[in-house]
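Q: So you can see what is in the structure, the chains are spelled out below.
Protein chains: 2
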Amino acid sequence: MEANGPKEEDNRRQVIPGPTNPMVTPLLSDLYQFSMAYAYWKAGKNNERAVFDLYFRKNPFGGEYTIFAGLEECIRFIANFKFKEEEIAFIQASLPKTCEDGFYDYLRGIDCSDVEVYAVSEGSVVFPKVVQLLETSFLNLINYASLVTTNAARHRSVAGKSKILLEFGLRRAQGPDGGIGASKYSYLGGFDATSNVEAGRLFGIPVRGTHSHAFVSSFMSPDEIMEKSLQTRDGSSTCEDFVSLRSHVLRGIFGETNQSELAAFTSYALAFPNNFLALVDTYDVMRSGIPNFCAVALALNDLGYKAIGIRLDSGDLAYLSCESRKFFRTIEKEFGVPDFGKMGITASNDLNEETLDALNKQGHEVDSFGIGTYLVTCYAQAALGCVFKLVEINNQPRIKLSEDVSKVSIPCKKRCYRLYGKEGYPLVDIMTGENEPPPKVAERILCRHPFNESKRAYVVPQRVEELLKCFWPGSPDKPREELPPLKMIRNRCSNQLEQMRPDHVRRLNPTPYKVSVSAKLYDFIHFLWLNEAPVGELQ
Amino acid sequence: MEANGPKEEDNRRQVIPGPTNPMVTPLLSDLYQFSMAYAYWKAGKNNERAVFDLYFRKNPFGGEYTIFAGLEECIRFIANFKFKEEEIAFIQASLPKTCEDGFYDYLRGIDCSDVEVYAVSEGSVVFPKVVQLLETSFLNLINYASLVTTNAARHRSVAGKSKILLEFGLRRAQGPDGGIGASKYSYLGGFDATSNVEAGRLFGIPVRGTHSHAFVSSFMSPDEIMEKSLQTRDGSSTCEDFVSLRSHVLRGIFGETNQSELAAFTSYALAFPNNFLALVDTYDVMRSGIPNFCAVALALNDLGYKAIGIRLDSGDLAYLSCESRKFFRTIEKEFGVPDFGKMGITASNDLNEETLDALNKQGHEVDSFGIGTYLVTCYAQAALGCVFKLVEINNQPRIKLSEDVSKVSIPCKKRCYRLYGKEGYPLVDIMTGENEPPPKVAERILCRHPFNESKRAYVVPQRVEELLKCFWPGSPDKPREELPPLKMIRNRCSNQLEQMRPDHVRRLNPTPYKVSVSAKLYDFIHFLWLNEAPVGELQ
Numbered sequence: 001m002e003a004n005g006p007k008e009e010d011n012r013r014q015v016i017p018g019p020t021n022p023m024v025t026p027l028l029s030d031l032y033q034f035s036m037a038y039a040y041w042k043a044g045k046n047n048e049r050a051v052f053d054l055y056f057r058k059n060p061f062g063g064e065y066t067i068f069a070g071l072e073e074c075i076r077f078i079a080n081f082k083f084k085e086e087e088i089a090f091i092q093a094s095l096p097k098t099c100e101d102g103f104y105d106y107l108r109g110i111d112c113s114d115v116e117v118y119a120v121s122e123g124s125v126v127f128p129k130v131v132q133l134l135e136t137s138f139l140n141l142i143n144y145a146s147l148v149t150t151n152a153a154r155h156r157s158v159a160g161k162s163k164i165l166l167e168f169g170l171r172r173a174q175g176p177d178g179g180i181g182a183s184k185y186s187y188l189g190g191f192d193a194t195s196n197v198e199a200g201r202l203f204g205i206p207v208r209g210t211h212s213h214a215f216v217s218s219f220m221s222p223d224e225i226m227e228k229s230l231q232t233r234d235g236s237s238t239c240e241d242f243v244s245l246r247s248h249v250l251r252g253i254f255g256e257t258n259q260s261e262l263a264a265f266t267s268y269a270l271a272f273p274n275n276f277l278a279l280v281d282t283y284d285v286m287r288s289g290i291p292n293f294c295a296v297a298l299a300l301n302d303l304g305y306k307a308i309g310i311r312l313d314s315g316d317l318a319y320l321s322c323e324s325r326k327f328f329r330t331i332e333k334e335f336g337v338p339d340f341g342k343m344g345i346t347a348s349n350d351l352n353e354e355t356l357d358a359l360n361k362q363g364h365e366v367d368s369f370g371i372g373t374y375l376v377t378c379y380a381q382a383a384l385g386c387v388f389k390l391v392e393i394n395n396q397p398r399i400k401l402s403e404d405v406s407k408v409s410i411p412c413k414k415r416c417y418r419l420y421g422k423e424g425y426p427l428v429d430i431m432t433g434e435n436e437p438p439p440k441v442a443e444r445i446l447c448r449h450p451f452n453e454s455k456r457a458y459v460v461p462q463r464v465e466e467l468l469k470c471f472w473p474g475s476p477d478k479p480r481e482e483l484p485p486l487k488m489i490r491n492r493c494s495n496q497l498e499q500m501r502p503d504h505v506r507r508l509n510p511t512p513y514k515v516s517v518s519a520k521l522y523d524f525i526h527f528l529w530l531n532e533a534p535v536g537e538l539q
Numbered sequence: 001m002e003a004n005g006p007k008e009e010d011n012r013r014q015v016i017p018g019p020t021n022p023m024v025t026p027l028l029s030d031l032y033q034f035s036m037a038y039a040y041w042k043a044g045k046n047n048e049r050a051v052f053d054l055y056f057r058k059n060p061f062g063g064e065y066t067i068f069a070g071l072e073e074c075i076r077f078i079a080n081f082k083f084k085e086e087e088i089a090f091i092q093a094s095l096p097k098t099c100e101d102g103f104y105d106y107l108r109g110i111d112c113s114d115v116e117v118y119a120v121s122e123g124s125v126v127f128p129k130v131v132q133l134l135e136t137s138f139l140n141l142i143n144y145a146s147l148v149t150t151n152a153a154r155h156r157s158v159a160g161k162s163k164i165l166l167e168f169g170l171r172r173a174q175g176p177d178g179g180i181g182a183s184k185y186s187y188l189g190g191f192d193a194t195s196n197v198e199a200g201r202l203f204g205i206p207v208r209g210t211h212s213h214a215f216v217s218s219f220m221s222p223d224e225i226m227e228k229s230l231q232t233r234d235g236s237s238t239c240e241d242f243v244s245l246r247s248h249v250l251r252g253i254f255g256e257t258n259q260s261e262l263a264a265f266t267s268y269a270l271a272f273p274n275n276f277l278a279l280v281d282t283y284d285v286m287r288s289g290i291p292n293f294c295a296v297a298l299a300l301n302d303l304g305y306k307a308i309g310i311r312l313d314s315g316d317l318a319y320l321s322c323e324s325r326k327f328f329r330t331i332e333k334e335f336g337v338p339d340f341g342k343m344g345i346t347a348s349n350d351l352n353e354e355t356l357d358a359l360n361k362q363g364h365e366v367d368s369f370g371i372g373t374y375l376v377t378c379y380a381q382a383a384l385g386c387v388f389k390l391v392e393i394n395n396q397p398r399i400k401l402s403e404d405v406s407k408v409s410i411p412c413k414k415r416c417y418r419l420y421g422k423e424g425y426p427l428v429d430i431m432t433g434e435n436e437p438p439p440k441v442a443e444r445i446l447c448r449h450p451f452n453e454s455k456r457a458y459v460v461p462q463r464v465e466e467l468l469k470c471f472w473p474g475s476p477d478k479p480r481e482e483l484p485p486l487k488m489i490r491n492r493c494s495n496q497l498e499q500m501r502p503d504h505v506r507r508l509n510p511t512p513y514k515v516s517v518s519a520k521l522y523d524f525i526h527f528l529w530l531n532e533a534p535v536g537e538l539q
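In order, the protein sequences belong to chains L and E.
1 is the number of the first residue of the first sequence in the UniProt record's numbering; add one for each residue after it.
1 is the number of the first residue of the second sequence in the UniProt record's numbering; add one for each residue after it.
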């Protein structure tokens, strides 16, 4: 923002249509950004060109990869960037009275038509230090988006491809938007559906849900059900007393089950004969929930409907899912109902990566997992430490030093490439200065650790992918990348993860993926470092 | 929502003016709520009266208290509750096609005029199991709000009353709204200001900020500064070369300091002569940052201005703050500048409860703390497990059983009281049935653990406070509680915490505060439990 003066000659500001987050305004910003903008303006530095890097230093969740997400929201933000009068009034009230009026006129005039954004495509696998964005402060939009997407991808990876993953986190999310963002980015990271209706409406994510314990306990007995008739699925006839249709099944075989539960299931099946999915653990799964479910599912079957399945929300999910499966298979055999043994089993209840992994190890019969709190709040690590550093101003490189080497920034406007090996796996990412020639296929290139002199390797890439693409504003010779629909971003994420060498993305002790700099950039970093180091240390 | 039919005779729906969260719509809900609403409607149960409890089971952060927050947003939500046509269309698209049209007409007609909300006042200290709200699903709005408020209160408690606490979390918050909510509820929990400008505008929270490392590294040398003049504070004269005013101080005493840092400080002081607060750790705190700051602060002093202070964002904050303090005191003495030794010192850099505590133990000279990630994401525990349980329907009590006793719900519509002892401390909270006589001052009352027979105590309260008040909709004989301004809620929070017996709120091994039920409610819970327990266990 600081380097962005008003432009009279053209106006490339374009409102990108589509769902924008109503919480995101130019004021969603730290006050210091406005203080600094004023100081820059006062010092006449507002027309200088600055280059910023946005990156993170450490992969989350003890892993060795991160999925980059949030780019579309950033681009929408800058595309729509314009101060409203009431916002300028509030900035004026927040800054000292000594600030000159000219500054507020300057704010009135600015937009982001002069800002350039180069970024990795959303949904890409990325690694620490690789720059994802240049210019302005998208930290809020990127940090949580990338974190929850990565979290979702990790859950997908443990659950396996064949399972259905449902995001159930709205109630525990960090605020309403936390809930909506969580749904969007969980889908991006590989989830199949959400329970959050608003997220479904905004982003076209499939929406799923069943009923709660409260629904079950709100019934007393089947006598309460007034409307008992149900048409057969083909519409050919009507069963006048669906409630009693299979009640003999219960009396004959299973003994007495909870009657308020049976009433709730019956009532739900009458409302959703094609979508009967019952929560079976309100009272006792094996003694009441499963027999009640089976009686109602068999009654539906008599009328030509097929029940969807059950949900388990407590207890030993491995054991209960296996026992339920046995039960369903017995029903299939005893009652001659084809495929009843394949009845869907959904599990929920504070699931996370570890519990999925434990379930896999124990063996289970769960088909779908509903995951909430641990997914959406990123409980295992609630924040990603993205930072935003100045790396160049007016073509002068800038470096941020630190006693902690991992916090030293890599100066200059850069290009980034991913180099692929013979097997098709990415081997290493390399950053170069903006004007260096790009790495070439089949040509040896030296890849150096940015700070550790001894870490270096020659690589002969079989394929070279340029990572940073122009997302804003674009020009005839540098066309703007399209913002793909969410589903395509989701595919990119899944494809990129599959393309990785498995040891980089495994859950336990993954191998770090290397991010390097070119020999020229290495030399330049260390030349600058010497020149900028604190005077005291040079003495 | 389920129990809420359309009302023709009156319309108590009232739009409450003030900032509402644009993300919160009736669709910000799990699909199962609509599925269940349909099943209830289909079963003709939509006009029944249901009572729900919203509560949590365990205090967060290893503590023994929680601050209740989010109520105002809930009340605004129900006051404005009304489906839009496009929302109904989306629900229709999400539910099975077999659902009858009459249901959507029903949705068109409903609002929340028939819902009653009884709650503890926002900003109150609350404990597990005490019911905070009756009816509808406010979990999203309550969970994070209460969590981050409690987190803020805990940080305040460790930092002590005299320190200034600044919330700096926007960039790491879980989405834009997570950032705004974090600022609001951190303020509620005892923070003094936020860096988030939008939160300042929406809620009137004081906004604070200084500059970043990028500002410092964007300058090369003092020669860059074009406009070097600064008026004296009283306007009586103008210093033509502020930049050189005290440069001899540096040359004479401190040796060479980083020139781009000096340029940045000078420039910032020219822009904000009354609000000069400098980030001093870009290069080297003691060799460059502090001397540069002092030179500029002394120059400001020459012209009648008073610098605000410094910010430390890395390194050993205890050591650096003490060394800086010594430096400032020496300057006060050497240059005869009164109060220079009291210069403000702000610290930031991944602070949390533990680091504040460690700083206190080491001894430090920090006046203000800027706290971000750990505060706003509630890193130590990223979710509060609020639940929402049906406890009564059509005057029939409902109980949710579980093999885990802590998960058994307490049936019936209830009243809650806080009983105070002689010293003025709260002794115990007690829940009673709705129609039981309230506890009386100076009268002995038996308080029982809801599930453990042997845990019981007689209490003679010196003061009795009814906790659940009517927040919606109110009536002539039961007037609605006002929604107080944020500042008053903040005061309530601080007063309530001060009123607690210290061992309940201390950081290490706090004493659990007891929540009890009346003898009558105890007997009733256990009577119901026997009757509702799974059949198998009764055999």
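By construction, these hints were calculated from the structure, which means they are not laboratory data.
Here the structure is a predicted model, which is why all the values come from computation and not from measurement.
The beta carbon of each residue, even a glycine, is placed where N, CA and C say it ideally should be.
Careful: at least some of the hints might be erroneous.
Residues from chain L that face chain E, not an exhaustive set, calculated with beta carbons under 7 Å [as the list claims (entries may be wrong)]:
id: 1; residue: LEU27
id: 2; residue: LEU31
id: 3; residue: PRO96
id: 4; residue: ASP192
id: 5; residue: HIS213
id: 6; residue: ASN275
id: 7; residue: TYR458
id: 8; residue: VAL460
id: 9; residue: HIS504
In silico DSSO-like cross-links for lysine-lysine, where the CA-CA straight-line distance does not exceed 27 Å [said to hold, decoys possible]:
id: 10; chain 1: L; residue 1: LYS306; chain 2: E; residue 2: LYS97
id: 11; chain 1: E; residue 1: LYS342; chain 2: L; residue 2: LYS342
id: 12; chain 1: L; residue 1: LYS487; chain 2: E; residue 2: LYS228
id: 13; chain 1: L; residue 1: LYS326; chain 2: L; residue 2: LYS306
id: 14; chain 1: L; residue 1: LYS228; chain 2: E; residue 2: LYS97
id: 15; chain 1: E; residue 1: LYS84; chain 2: E; residue 2: LYS58
id: 16; chain 1: E; residue 1: LYS455; chain 2: E; residue 2: LYS422
id: 17; chain 1: E; residue 1: LYS306; chain 2: L; residue 2: LYS97
id: 18; chain 1: L; residue 1: LYS97; chain 2: E; residue 2: LYS487
id: 19; chain 1: E; residue 1: LYS487; chain 2: L; residue 2: LYS163
id: 20; chain 1: L; residue 1: LYS97; chain 2: E; residue 2: LYS228
id: 21; chain 1: L; residue 1: LYS228; chain 2: L; residue 2: LYS326
id: 22; chain 1: L; residue 1: LYS97; chain 2: E; residue 2: LYS455
id: 23; chain 1: L; residue 1: LYS97; chain 2: E; residue 2: LYS97
id: 24; chain 1: L; residue 1: LYS58; chain 2: L; residue 2: LYS514
Q: It remains to establish, for every hint, whether it holds in the given structure.
A: Hint check:
no., hint, in the structure
1, LEU27, "holds (4 Å)"
2, LEU31, "holds (3 Å)"
3, PRO96, "holds (5 Å)"
4, ASP192, "violated (14 Å)"
5, HIS213, "holds (6 Å)"
6, ASN275, "holds (5 Å)"
7, TYR458, "violated (33 Å)"
8, VAL460, "violated (37 Å)"
9, HIS504, "violated (26 Å)"
10, L:LYS306 x E:LYS97, "holds (16 Å)"
11, E:LYS342 x L:LYS342, "violated (74 Å)"
12, L:LYS487 x E:LYS228, "violated (55 Å)"
13, L:LYS326 x L:LYS306, "holds (18 Å)"
14, L:LYS228 x E:LYS97, "holds (20 Å)"
15, E:LYS84 x E:LYS58, "violated (37 Å)"
16, E:LYS455 x E:LYS422, "holds (22 Å)"
17, E:LYS306 x L:LYS97, "holds (16 Å)"
18, L:LYS97 x E:LYS487, "holds (25 Å)"
19, E:LYS487 x L:LYS163, "violated (49 Å)"
20, L:LYS97 x E:LYS228, "holds (20 Å)"
21, L:LYS228 x L:LYS326, "violated (31 Å)"
22, L:LYS97 x E:LYS455, "violated (62 Å)"
23, L:LYS97 x E:LYS97, "violated (61 Å)"
24, L:LYS58 x L:LYS514, "holds (12 Å)"
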